[in-house]
Amino acid sequence: MKNRFQYFSVGLISVWLGVFGLLSFLTMVVISFMQHDADHIALMHFTFQNYYDLFNPIFFKIFLKSFYIAGIVTALCLILGYPFAYIISRLPERLQNLSLLLLLLPFWTSSVVRSYAMMSLLKTKGLLNSVLLALGLIHQPLQLLFTNQAVTIGLIYNLLPFMILPIYVNLERFDRSLIEAAKDLGANYITAFRQVIIPLTMPGILGGCTLVFLPAMTLFYISDLLGGAKAVLLGNLIEDQFLTANNWPRGAATSVLLTVIMGIGLLIYWVKSNRRINYDSVI
Amino acid sequence: MTRSFKSIYLLLIYAFLYTPIVALMVYSFNNAEFSMLWQGFTFNWYHEVMQDSNLWIAVWHSFYLALSATSSALLMGTLAAISLYRYQFRGKNVLQGLLFIVIISPDIVLGIALLILFSLGNLALGFWSLYIAHVTFCIPFVVIIIYSRAKSIDPNIFTAASDLGASELQIFTRITVPMLLPAILSAGLLCFALSFDDIVISYFVSGPGFEILPIKIFSMARLGVTPELNALCSLLFVMTLTIVCASQWVTRRKKQ
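Top to bottom, those sequences are chains A and D.
Just so you know, we're using this note's numbering here: the first sequence kicks off at 114 and counts up by one.
Just so you know, we're using this note's numbering here: the second sequence kicks off at 5 and counts up by one.
Chain A on its own, in the form it takes in the complex (with noise of 0.2 Å):
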């Protein structure tokens, strides 16, 4: 009876995930050394074609590109949420949950929503150009909707609690008088900042980047939304080739490219983190 239930329990949710998880990647992997065929998913002919394509320069410059935007609005993010975390993970308790609390609000509502927000925010003929206008600061509006600066906002919107959430863990769990000390032993408070606060929450710092520089690759309904035409991100390179040009093997191609890039990017979380990939962590 006991065995039953148990092979009952685990047999469901490995087939599951073996189908829907594992079998989906390998056919994934699979097609990605396939040769493009337009009328067919793919040739069954082995070529290493597809992901010597990405290193043409036109997606080698998307490449680029998304991992400048990337870069760029992890270090927006920690610049923004370093000292916002900080000043909370201050505040007496009850501020701090209602400070919390009014972080993550607005993060219920669909980040589709939201990006939809920031679009109407930044068009043409938008709020923020209007009041731009009537302070007579500027005397045309400024095409800011469908720019790469659009989509770095918009990112940053979504994406900034990510950043902040991690940190303000470390630092509310931060010893104040390890700051005292050091200004005992003479340090003044940019030096205490430097060797002592910003070392011990780095872990929050690392972590944070993480959740915000990975995602900021692949989110590509926000650069669709707010870049326009323009494909900016990793993501709309892969939506591109599947759902328009139509190339599934270039597309799966990309996909494990970037499998790959996340992969990196976490291990040297890990290592970083002198965390060991630990199972019971995870799972």
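Simulated from the structure, these hints should not be mistaken for laboratory data.
Watch out, some of these pointers could steer you wrong.
What follows is a list of derived Cβ distance ranges for each label pair [unchecked claim]: (1) A:Gly378 to D:Ser223: 26 to 36 Å; (2) A:Gly341 to D:Leu173: 53 to 63 Å; (3) A:Leu191 to D:Ile107: 36 to 46 Å; (4) D:Phe67 to A:Gln253: 40 to 50 Å; (5) A:Leu211 to D:Trp64: 29 to 39 Å; (6) A:Pro312 to D:Gly169: 49 to 59 Å; (7) D:Tyr18 to A:Gln262: 47 to 57 Å.
Facing chain A, a subset of chain D residues (Cβ under 8 Å, in silico) [stated by the list, open to error]: (8) Thr23; (9) Leu102; (10) Ile116; (11) Pro186.
Ideal placement from N, C-alpha and C gives every residue a C-beta, glycine not left out.
Using the hints provided, position chain D relative to the given structure of chain A.
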């Protein structure tokens, strides 16, 4: 850092987070099709949203997709979490590895891997493809939440139950599930929210025959800003606001 500087900084960040949403809500009452100038107050756009039957079909689709995906993911995830906690079995590492793959793979990659699998298996894109995808990405969340709660159960309880003659199924329904109920509920809420809002994975595995809300909003937003969409998005925001505040209020009352 002085006190006022701190408050101004916090206010600026909150302004960044809330201005787009507040502006959207204000303009959803503006009596003008394109202009951002205030042309008077109207409920017209809400009226139009209410009349749009396609939209409400999409809402209904999203709702029952989220409900069915959540219940299946809860069933499989709970059983798996409990087996991982209670039993030693061959291939335990394999199961953990499978979960690990789904956890670390980016959403977009899971979406297209499933799209490829469905096309090769000749499964038409529609409810079932979305259902499979949503169950798959929800399972790891359920396993993580329930496994971490199950660790706090005293294993002697299970031994005692089987000494008293309970079968494994009885232990599951009469002991494990009641003890894990809070964790199961919070996992269910999370799955429902994830499934209801998901766009990246759904975008690849949805078909024209079964439209869901996030995809519908995405395709409407691609065509540009319209007052009707402003009204719809404001409605959705107020809805989530109410639900979040209500659940906060309920948990706070329970604590007291």
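- Give me the numbers of the hints this structure contradicts, sorted from smallest to largest. Numbers 3, 7, 11 - these are the hints that the structure violates, sorted from lowest upward.
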